[in-house]
Amino acid sequence: MDPYRFGYSPIVERPKLSWPNNARVAVWVCPNIEHYEYLPAEVRVRNPWPRMPHPDVLGYGGRDYGNRVGLWRMFEVLDKHSIRCTVSLSMSVIEMYPEILEAMEARRWEYMSHGYFNTRYHWGYAPEEEREVIEHSKATHLRLTGRKLRGWFSPAVSNTLNTPDIVKEAGLEYFCDFYHDDQPTPLATKHGPLIHVPYSMDLNDAMIYRQPVEAEEFAQMIIDHFDTVYREGGENGRVMCLALHPYMMGAPHRLKHLDRALSYIRKHKDAWVCTAEEILDWYVANGLKPYQQHLGKEA
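Quick note on the UniProt record's numbering: the sequence shown kicks off at 1 and runs consecutively.
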């Protein structure tokens, strides 16, 4: 972790962060809607497919299932609970699959760039290579949505030491590559502060294939996590991110567990179910200056 990017501050000593309508916790749901290349064009630091030789039909087929089937199931559950999402998006998806873009636009979802393909890692990229991908993401987003791209999350969290500087230089406003806090924080860059919106690797259904966890237990993790940050948020507002993948939680045997967890969260009227951009905008308007003053400097 780049130690100069942010100052240390125990959360129990900070100025109180209040959310709209005195909500205790800001909950944002982040589907990772990705494209994995059948035959990866780049194999550098890490091979994107575990099975060799290429093509890894099993790996590719499972992820393709998410875009063909799983995502459409997830739409139904998220619509049921009136959840407007911020998508961690492989930008190639909205070029290759206009039906997905149309469905997301109909729901007024937001997108942060998760790179162009989720099989092209940024580890080892020169600044010029990384800058090119970020600019390509910006241009693709603007061309297909008419809106400015505001957030960045490196594909497979493959950020370099230069990523925050390049993201800020490109005019993006928030970043999700670090996992250091339950509140937004300013990150120092060569071009001014960049806001980090908390993302999650704990409340991430990737746990299902990385560890011996299945969907029922994952749903209970969501509920238990929510209970804790909800309680703590009575003293100082918290952020909870729920990271999902259509090829995981969109599977038929897992969907009911996602439904159960979201139903539980929705029973709490003082939980603010929102998007990453809404968290960003509220924090910049209401929380950033008190936090910078608390640190004793303009971060």
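Worth flagging that the hints you see were computed from the coordinates, not collected in a lab.
Fair warning: there could be bad hints in the mix.
No farther apart than 25 Å at their CA atoms in a straight line, the calculated lysine to aspartate or glutamate pairs in the DMTMM-like style are these [unchecked claim]:
#: 1; residue 1: K148; residue 2: E95
#: 2; residue 1: K80; residue 2: E235
#: 3; residue 1: K269; residue 2: D79
#: 4; residue 1: K80; residue 2: E13
Hints and how they fare:
With a CA separation close to 16 Å, the supplied pair K148 and E95 stays within the 25 Å bound. For the proposed pair K80 and E235, the alpha carbon gap of about 31 Å is over 25 Å, so the pair is violated. Of the pairs offered as hints, the one joining K269 and D79 holds, with about 18 Å between alpha carbons and a cut-off of 25 Å not exceeded. The straight-line distance between the Cα atoms of K80 and E13 is roughly 38 Å, outside the 25 Å bound, and the hint therefore fails.
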